[in-house]
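Novice: Read top to bottom, the protein sequences are chains A and B.
Each residue of the first sequence is one higher than the one before, counting from 0 in numbering that gives the first Met the number 0.
Each residue of the second sequence is one higher than the one before, counting from 0 in numbering that gives the first Met the number 0.
Worth flagging that the hints you see were computed from the coordinates, not collected in a lab.
Keep in mind that the hints are not guaranteed to be accurate.
Dumping the calculated SDA-like pairs for lysine to any residue here, alpha-carbon to alpha-carbon at most 25 Å [stated by the list, open to error]: (1) A:Lys41 / B:Ile294; (2) A:Lys41 / B:Gln265; (3) A:Lys41 / B:Trp201; (4) A:Lys6 / B:Leu250; (5) A:Lys41 / B:Ile261; (6) A:Lys41 / A:Ile23; (7) A:Lys41 / B:Leu250; (8) A:Lys41 / B:Leu174; (9) A:Lys243 / A:Phe209; (10) A:Lys225 / A:Thr305; (11) A:Lys6 / B:Val319; (12) A:Lys41 / B:Val319.
Take a look at the letters that make up each chain.
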Amino acid sequence: MGLKETKLGFVTLAAGILGAVGMISFASWVAVVDYPQVIGGKPYWSWPAFVPVTYEIAVLLAVLGTVGGMIAFFFKFPNTSHPLHDTPYMKKVSADKFGVTIQSEDPSFDEKKVRDLLKSTGGEVEAIYYTEEFLNFKPNTFDPKFILLLVGISLATSAGGYLYWNKLLYMPPFDWMMEQPRFDVQSQTEYYVDGHSMRLSVAGTVARGFLPYPYKLGDKADSVGKYLVNPLLPTKTTLDLGKKKYLTFCSPCHGNFGNGDSRLRGQFPNPPTLHSDKVRTWPDGAIFHTMTVGQNVMPSYQYQITREDRWAIVNYIRTLQRAYNAKESDLQ
Amino acid sequence: MSAHETVIIPKKELPANIVRLGWALTLIGLALVTVSYLTDAQRAGFNNIIGFTFLASIAVGAVFFIALEYIAGAVWTTPFRRVLEFLGMLLIPVALLAIPLFLNLHDLYHWTHADVVANDKVLLSKSPYLNEQFFTIRFGIYLLIWGAFYFIFRRNSMKQDLNSDQKFTKKNIALAAAFIPLLAISISLFSIDWLMSLEPHWFSTMFGVYYFTGTILTALAVTTYFVVVLSEKGFFFKGINENHYYSFGALMFGLLSFWAYIAFSQFMLIWYANLPEENFWFISRWQNGWEYVSIAIVLLHFWIPYFMLVSRPSKMKPTVLKNSALLLIFSHFLDLYWLVMPTYSDTPVFSYYELAFPILTVGLIIVLFAIQAKKYNMVPVGDPKLQRGIDFHL
Numbered sequence: 000m001g002l003k004e005t006k007l008g009f010v011t012l013a014a015g016i017l018g019a020v021g022m023i024s025f026a027s028w029v030a031v032v033d034y035p036q037v038i039g040g041k042p043y044w045s046w047p048a049f050v051p052v053t054y055e056i057a058v059l060l061a062v063l064g065t066v067g068g069m070i071a072f073f074f075k076f077p078n079t080s081h082p083l084h085d086t087p088y089m090k091k092v093s094a095d096k097f098g099v100t101i102q103s104e105d106p107s108f109d110e111k112k113v114r115d116l117l118k119s120t121g122g123e124v125e126a127i128y129y130t131e132e133f134l135n136f137k138p139n140t141f142d143p144k145f146i147l148l149l150v151g152i153s154l155a156t157s158a159g160g161y162l163y164w165n166k167l168l169y170m171p172p173f174d175w176m177m178e179q180p181r182f183d184v185q186s187q188t189e190y191y192v193d194g195h196s197m198r199l200s201v202a203g204t205v206a207r208g209f210l211p212y213p214y215k216l217g218d219k220a221d222s223v224g225k226y227l228v229n230p231l232l233p234t235k236t237t238l239d240l241g242k243k244k245y246l247t248f249c250s251p252c253h254g255n256f257g258n259g260d261s262r263l264r265g266q267f268p269n270p271p272t273l274h275s276d277k278v279r280t281w282p283d284g285a286i287f288h289t290m291t292v293g294q295n296v297m298p299s300y301q302y303q304i305t306r307e308d309r310w311a312i313v314n315y316i317r318t319l320q321r322a323y324n325a326k327e328s329d330l331q
Numbered sequence: 000m001s002a003h004e005t006v007i008i009p010k011k012e013l014p015a016n017i018v019r020l021g022w023a024l025t026l027i028g029l030a031l032v033t034v035s036y037l038t039d040a041q042r043a044g045f046n047n048i049i050g051f052t053f054l055a056s057i058a059v060g061a062v063f064f065i066a067l068e069y070i071a072g073a074v075w076t077t078p079f080r081r082v083l084e085f086l087g088m089l090l091i092p093v094a095l096l097a098i099p100l101f102l103n104l105h106d107l108y109h110w111t112h113a114d115v116v117a118n119d120k121v122l123l124s125k126s127p128y129l130n131e132q133f134f135t136i137r138f139g140i141y142l143l144i145w146g147a148f149y150f151i152f153r154r155n156s157m158k159q160d161l162n163s164d165q166k167f168t169k170k171n172i173a174l175a176a177a178f179i180p181l182l183a184i185s186i187s188l189f190s191i192d193w194l195m196s197l198e199p200h201w202f203s204t205m206f207g208v209y210y211f212t213g214t215i216l217t218a219l220a221v222t223t224y225f226v227v228v229l230s231e232k233g234f235f236f237k238g239i240n241e242n243h244y245y246s247f248g249a250l251m252f253g254l255l256s257f258w259a260y261i262a263f264s265q266f267m268l269i270w271y272a273n274l275p276e277e278n279f280w281f282i283s284r285w286q287n288g289w290e291y292v293s294i295a296i297v298l299l300h301f302w303i304p305y306f307m308l309v310s311r312p313s314k315m316k317p318t319v320l321k322n323s324a325l326l327l328i329f330s331h332f333l334d335l336y337w338l339v340m341p342t343y344s345d346t347p348v349f350s351y352y353e354l355a356f357p358i359l360t361v362g363l364i365i366v367l368f369a370i371q372a373k374k375y376n377m378v379p380v381g382d383p384k385l386q387r388g389i390d391f392h393l
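All chains, please: the whole structure from these sequences, using the hints.
Specialist: The structure is reproduced here in structure tokens:
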């Protein structure tokens, strides 16, 4: 039929390469430039993590590019199929009719003779199509029907969008989630004289179990420490609790055994060891105070760790210190 | 639409010089293997594992493709099924090559030392599986499964040559259905036993699939190479067409992409989690020169053959098919080298020890193929699907 090997493969290749290069660049830009984050201790540009998404996007663009390229370049959009498909011939072929290809380049080709020959075999000739007219067809971009379709689609989507977002959502029964009999945060009301929809708590209200902490950042740990008494006994329960909390909150910087040798060593100013004479001779309360208000680079932990857990950690640190500086009697 | 006078060439011996080459390679290989075992038994043993698993790849992969043809009802492979049936005979050298390995098990596998295992919590907990008795029994079971199915497939196929009875095809379809799940399990466990347990502390749940993919890819590459070369030399039948070639190329392309997918997934999961009990395996393959071998595998096993085969016309070109098949066979050898040798040596090593087994395996493949080509039909003349396979069009 004079059809050449399709060039669609190159469209697929181009779209796939575009997808792969685009995605790996995008992922690199996001991970390195726009929003760098350390994930799992890996460098910002951790390319193996980009491979799956790059692969997916490459496949996706290759597929979409193939379909889009086929419609755009080969069907000559706005045609959405090869024009041969729109002939009555294609509707019937392979149902109860079949097609015969005859080379019309042949100098002895004569349409009438062909027709007569086919008829003489007892067949019925529906139509003869020449491939020339199909190979060199032009896109009918300014076909009024196509223009009308475009206008129709734009009108329908804009009108639909407008009606949906601005009308439908405010109509019963679709406004269920929009309109609720409650006050939103910081909204006004005329019900109360002061206009607040949220009620303020009575002056002097205290949460259950709340104990005010009388000291603040800057108070010397060893001087305030003597006024704080550890309420917990170093039993197995409290030491287990203290160990768990210590390993969760303290060990990332102070190390698993309090030597200040954690894996973050070198990335921040190193925390000093907890086995120094200073810390060992501190009262329990001084350690507690340090945890509560923080010190130097160390932030306050009073909102992450409850009061009780902080005392349990103190007990655990005491155990670690004892283990590093064991007495003669401990070894017996 | 039967093709105009298909001329089937059912039986044609391989040229004498090729057979001589095969014997020569086998004998040189055997001599080198003997020398290397006498000089450095441990190093020879590690190379023996490479050669052994390489031959197992081709043999078991060939049996897999026989089963696949039956169970999928494929027609385009039918004219070339004898190549697979001949290659399956490599199961015999696989069994033979295991003998020196069993004699040297202590040099190769860390977990065979009772005193080491007793002091190692991890190995102790693995010892119900990893112990010499069970290891040997398992290997026997694998050989039994592969060998039994292979010889029945082959016997039915050969009998069909005489009487063209379709009942043999039906029998083989039923057998193939039973064989494929058994193969999936046995080849995974085989790779775990012989390759993964070289580093008994390491584990990867993807390892079985990794070796299996390499296996079928190599078997297909060897088959493709044989088919293309033999067709060019006028074996099989007159009129092998680009549709046959395209099918081989497309299947090879698909499998090598699948291999890359599995290999990368295995790497990425371990890289991402970065757990010390898993990542040391990759770390030891990324230092002291092993990183160049790793990069070479990525290039030779995936990127280069990928771009060789990616376009449609190139899958139909016999030269491209031959070259990419050879490249993939070589890369599988390199892949096995990369899997096995870091256990033996911290740096990549290469000398006549490493050459002994490749020479031997190539020689064995040629010799076994030639012996069978002399005795049996090269085309399954009695298969009812044969004519459809010859007329195959995409």
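Novice: Going straight from one Cα to the other, do Lys41 of chain A and Gln265 of chain B come out at no more than 25 Å?
Specialist: 18 Å, holds
Novice: Lys225 of chain A and Thr305 of chain A were given as a pair; does the straight-line alpha-carbon distance stay at or below 25 Å?
Specialist: Measuring from Cα to Cα gives roughly 20 Å; hence the hint holds.
Novice: Has the given pair, Lys41 of chain A with Ile23 of chain A, been kept, meaning a C-alpha gap of at most 25 Å?
Specialist: Holds, at about 17 Å.
Novice: Mind checking the alpha carbons of Lys41 of chain A and Leu250 of chain B for me, to see if they're no more than 25 Å apart?
Specialist: 37 Å, violated
Novice: Lys41 of chain A and Ile261 of chain B were given as a pair; does the straight-line alpha-carbon distance stay at or below 25 Å?
Specialist: 23 Å, holds
Novice: Would you check the hint for Lys41 of chain A and Trp201 of chain B, treating anything up to 25 Å between C-alpha atoms as holding?
Specialist: 22 Å, holds
Novice: Does Phe209 of chain A lie within 25 Å of Lys243 of chain A when you go C-alpha to C-alpha?
Specialist: This hinted pair holds, its Cα atoms lying about 24 Å apart.
Novice: Has the given pair, Lys6 of chain A with Leu250 of chain B, been kept, meaning a C-alpha gap of at most 25 Å?
Specialist: 22 Å, holds
Novice: Would the pair Lys41 of chain A and Val319 of chain B pass a check requiring their Cα atoms to be no farther apart than 25 Å?
Specialist: Not OK: Lys41 of chain A and Val319 of chain B at ~41 Å, beyond 25 Å, violated.
Novice: Keeping to a limit of 25 Å between CA atoms, is the pair of Lys6 of chain A and Val319 of chain B held or broken?
Specialist: It holds: about 21 Å lies between the C-alpha atoms, which stays within 25 Å.
Novice: Can the restraint linking Lys41 of chain A and Leu174 of chain B be considered satisfied, given a maximum Cα separation of 25 Å?
Specialist: 50 Å, violated
Novice: Mind checking the alpha carbons of Lys41 of chain A and Ile294 of chain B for me, to see if they're no more than 25 Å apart?
Specialist: 21 Å, holds
Checked against the numbered hints above, the structure breaks hints 7, 8, 12 and satisfies the rest.
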